[in-house]
Every structure is written in C-alpha cells, then in structure tokens.
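Under the numbering used here, think of the first position of the sequence shown as 947, with each following residue one higher.
You may find that some hints are simply not true.
Stated by the list, open to error - Derived Cβ-Cβ restraints for the label pairs, each shown as a range:
id	residue 1	residue 2	range
1	1015	988	13 to 21 Å
2	985	1013	12 to 20 Å
3	984	1037	33 to 41 Å
Hints are computed from structural coordinates only; laboratory data are not their basis. C-beta atoms are modelled at their ideal positions from N, C-alpha and C, and glycine is treated no differently.
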Amino acid sequence: MSHLSNRKSPSASAQERTLADLKPGQRARVVGFAESNPLSQRIMQLGLIAGAMLTFVRAAPAGDPIEINVFGYSLSLRKSEARMILVEDVA
C-alpha cells in the first residue's frame, strides 16, 4: 500500500503546502507525504498520519530543527523531514 495515496493533487487545495512552510503558532492538518520511504514510515509511527492536527511551535535560531505539537506532545523534526509532510491550513 502506498502512502502517497493520501496526497492530493496540487489543484485540490490552494492552502496545501509542506510542514516546513508553516510559521510559529500556525495550525495545520496532515494530508499525506511527498514520498513514501522508510523515513516517512518512521514519521507516521511518531503520530504524523493523514488527518492529524498539529501546531508549529518554533524553529531553532538557524531555522533547523523545528518543533511541533501533535496529539499533545512535542516533536522535533529536521527541515528536510518537514518538507516531506504535506499539510493544509486549518482555522
């Protein structure tokens, strides 16, 4: 089963982007992954699955890594990892 099946077409939502594009305080919903590989599998095991709501908490002074809050816990990711995660804005 490919986890790319959760990915929407670029025209599906003008607000869809990657987790790396978010700013501190912004909330988003995970919609899928840009690619399916062992790293995306590990990220899903950490709770970043399609439909998960998250909040971008902060980025390190140099911008990498970033901290997010998902399911009530904090998670740090590299920017390269965050670029693999497709999200859509939520109010």
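We went through each hint and held it up to the structure:
1. 1015 to 988: 13 to 21 Å: Distance hint for residue 1015, residue 988 holds at roughly 19 Å.
2. 985 to 1013: 12 to 20 Å: The hinted range 12 to 20 Å holds for residue 985 and residue 1013, with Cβ atoms some 18 Å apart.
3. 984 to 1037: 33 to 41 Å: 34 Å, holds
The structure agrees with every numbered hint stated previously.
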